[in-house]
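**Student:** This is what each chain is made of:
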Amino acid sequence: MSQVEAIQELRNLLLSDDRVRIESQFDGYKSELLSAIQKVESEISDPEKFSVHLSKNKTTMIDILGPMMGQMIKKYVEAEIEKINEKISNSRNWFKNKLTNLFVPKSKRTRDSLSKIGTPEIKQVLLIERDSGLLLGKYSDDRDVDTDIIAGMFTAIKSFADTAFSSEENELEFIHYKDHKIRLFPYGTLYFAIVFTGRDTVVLNEILTAGISDFMDRYYERYLATQHRASLYDDISGLIEKEFKEICKTLEQKSY
Amino acid sequence: MQDFRAKIILVGPVGVGKSSLIRRFVFQMFSDLYLSTIGVRVDKKTIEVEGKQVHLLIWDLAGEIVNDKAYSNYLKGTDGIIGVFDLNRPQSYIDLQNILIAIQKEFPGLKSLVVGNKKDLIDESTDLRDLYDYDYLSSAKSGENVELIFEKLAEKVITSHETV
Ligand SMILES: Nc1nc2c(ncn2[C@@H]2O[C@H](COP(=O)(O)OP(=O)(O)OP(=O)(O)O)[C@@H](O)[C@H]2O)c(=O)[nH]1
Ligand SMILES: [Mg+2]
Numbered sequence: 010m011s012q013v014e015a016i017q018e019l020r021n022l023l024l025s026d027d028r029v030r031i032e033s034q035f036d037g038y039k040s041e042l043l044s045a046i047q048k049v050e051s052e053i054s055d056p057e058k059f060s061v062h063l064s065k066n067k068t069t070m071i072d073i074l075g076p077m078m079g080q081m082i083k084k085y086v087e088a089e090i091e092k093i094n095e096k097i098s099n100s101r102n103w104f105k106n107k108l109t110n111l112f113v114p115k116s117k118r119t120r121d122s123l124s125k126i127g128t129p130e131i132k133q134v135l136l137i138e139r140d141s142g143l144l145l146g147k148y149s150d151d152r153d154v155d156t157d158i159i160a161g162m163f164t165a166i167k168s169f170a171d172t173a174f175s176s177e178e179n180e181l182e183f184i185h186y187k188d189h190k191i192r193l194f195p196y197g198t199l200y201f202a203i204v205f206t207g208r209d210t211v212v213l214n215e216i217l218t219a220g221i222s223d224f225m226d227r228y229y230e231r232y233l234a235t236q237h238r239a240s241l242y243d244d245i246s247g248l249i250e251k252e253f254k255e256i257c258k259t260l261e262q263k264s265y
Numbered sequence: 369m370q371d372f373r374a375k376i377i378l379v380g381p382v383g384v385g386k387s388s389l390i391r392r393f394v395f396q397m398f399s400d401l402y403l404s405t406i407g408v409r410v411d412k413k414t415i416e417v418e419g420k421q422v423h424l425l426i427w428d429l430a431g432e433i434v435n436d437k438a439y440s441n442y443l444k445g446t447d448g449i450i451g452v453f454d455l456n457r458p459q460s461y462i463d464l465q466n467i468l469i470a471i472q473k474e475f476p477g478l479k480s481l482v483v484g485n486k487k488d489l490i491d492e493s494t495d496l497r498d499l500y501d502y503d504y505l506s507s508a509k510s511g512e513n514v515e516l517i518f519e520k521l522a523e524k525v526i527t528s529h530e531t532v
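Residue numbers (my numbering), protein chains in the order written: chain A, 10 to 265; chain B, 369 to 532.
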């Protein structure tokens, strides 16, 4: 997000029509608030600094707004400023937030064992429809996580990143979250998301790329010819499991 | 029994109760606290419709991002949407209409329902039909009609898939 957009967003947040009910009390403070925003606007020239500045001035903003807007709105503004900060400073934060509850509590086991050694270990393989984010098939060693929700969130994150950095040919390929790494492999209207722990090595990448393209060569036509994704699910999951068990074996042999 | 996956989205302006409806539906919970949604959240609930297991992947889009570039990307590949407005805020009804018009323009024929939420705050004697055009009334607080709206949308989605 550019600085101009950020400021525009702040304006919208604070002055939008949807808040008509508080408008009357608000009017008196509007100009004060506007000049506060303008001050920030004139002082800051790059987004990074703008974000820092916003944090510093958060309390000032809230003090101006606070008295007549009540607890709820106060909290709201605070949250909104936090939100803008987050978006500006690093959209990765956004990813992190989204990912927080997906893996954390249950992954202790992996964290303790393999990631220390660094050998890449595949935890989950998800085949996902690019647009809908619906899961077409999976191979997962962890029964505690809901892969349907993860597939949806990956897709939302991917959509967000692909739009925010608006490049047609550069798609989001990699998400790093704590000790989990996720590599995305687009293929036509689908994509694979491979969740793994350990090091992100060249060997791993080569093996995955080859395995996936091999798999998709065989499978994609069939997917396109099927009208109901529902009918594919179990079938495809079986195939994915078979393919990735092979891949894991190759991986074990090649990484020592 | 065949498993079926469907992506549905709740759309509507800020603060109308989209997240609350989902919370009620998925977790049987409600809170008066307003925690504005940041970006997107995905939840899931499996229900049975016409003898089929339907996994509903429910995307909760923050009202605040309605004008973001990414908004229509999130809507891609959606099987159905629930448009929500706040019965106490006429402006939210107007805003929802505009959101729905824009969506129908880009995704013609998309299955949708319009829901007036926060019914618990409305005086029984008010003639809501006079004021708004909607499919269902709901209350995330009391739970009234919450399951029903998700089921109705799921039925619509399933039927449309069967007649393809
Ligand atoms: N009385 C009552 N309050 C409700 C109902 N549904 C939601 N609320 C309240 O309305 C406020 C906003 O609800 P949310 O569910 O966060 O609204 P939202 O549409 O998700 O808002 P955004 O995420 O900002 O787009 C909260 O304080 C809720 O407690 C309802 O049916 N009755
Ligand atoms: Mg919300």
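Derived from the structure by calculation, the hints contain no laboratory data.
Don't take every hint at face value.
[Unchecked claim] Residues from chain B shown here face chain A by an in silico Cβ test under 8 Å; the list is partial: (1) D371; (2) K375; (3) T405; (4) V410; (5) K413; (6) G419; (7) L425; (8) W427; (9) K437; (10) K444; (11) T446; (12) P476; (13) G477; (14) S480.
We treat Cβ as the ideally placed atom computed from N, Cα and C, and that holds for glycine.
**Student:** Okay, which hints does this one fail, numbers in order?
**Tutor:** 3, 5, 6, 12, 13 and 14
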